[in-house]
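**Q** Sequence:
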Amino acid sequence: MNLKQIMPVLWMVALAVFLAACSGAEEEDPHAAMDHGAMEDMDHSSSGELPNGLEKAENPAFEVGSKAVMKSDHMAGMNGAVATIAGAFDTTAYAVSYTPTSGGKKVSDHKWVIHEELRNAEAKPYQPGEKVVLEADHMNGMEGAEAVVDSAEQTTVYMVDFTSKTDGQAVKNHKWVTESELSSK
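Those letters in the sequence shown? Residues -25 to -1, 1 to 160, per mature numbering (1 follows the signal peptide of the UniProt record, and there is no 0), in order.
Only true hints are included.
Straight line, CA to CA, 25 Å or less: simulated DSS-like cross-link-like pairs of lysine-lysine:
(1) K46 <-> K160
(2) K42 <-> K31
(3) K99 <-> K31
(4) K81 <-> K106
(5) K147 <-> K46
(6) K46 <-> K140
(7) K147 <-> K42
(8) K31 <-> K147
(9) K160 <-> K42
(10) K160 <-> K147
(11) K140 <-> K160
(12) K42 <-> K140
(13) K31 <-> K46
(14) K106 <-> K80
Quick list of simulated restraints, FRET-style, between CB atoms:
(15) E97 <-> T59: 31 to 41 Å
(16) K42 <-> G143: 16 to 26 Å
(17) K80 <-> E30: 26 to 36 Å
(18) S159 <-> T74: 37 to 47 Å
(19) T141 <-> R94: 30 to 40 Å
(20) K147 <-> D65: 21 to 31 Å
(21) E33 <-> S158: 14 to 24 Å
(22) S158 <-> G119: 27 to 37 Å
(23) V123 <-> V39: 26 to 36 Å
(24) V57 <-> L29: 16 to 26 Å
(25) A36 <-> G79: 34 to 44 Å
Read the hints as simulated data drawn from the structure, not as lab findings. We treat Cβ as the ideally placed atom computed from N, Cα and C, and that holds for glycine.
Please construct the entire structure, taking both the sequences and the accompanying hints into account.
**A** Right, here's the structure in full:
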């Protein structure tokens, strides 16, 4: 073999090595599937501190300390995870849309913010389309953000502990899961 015959082979090998090095360089983020704003900014765990005025549920379907299966996908790793109930409270839960005060894309249909996490909340529940100011700090840029109520639901909300099904991360005092998002099986 002479040099003229070897050069095309060498170029093909070099090109193959280059393409192999470029492909697969980035791993897919498990939160990327959730178009829920900047999921990496979500505080999956919390201190467990409760907002003022929040009332414990008198007869929750899931007692504190019991286990339930989550049927919710508003956070990666949640759906199908077994949760331990850390708290049960009767309130109005809202799905809201807002633009983070820290900048970034608008967050649509964020689940859940509760009535007691709204600034200067009126006594009566807000209706879809009404504007509110968030006091919740579940995500970076949420506190102080103006939001629009997408939906409102009078329900029992739960603070839960669970292990994420996507990354194995232990989550403590996650706020909030509604009663309809939990199952005994």
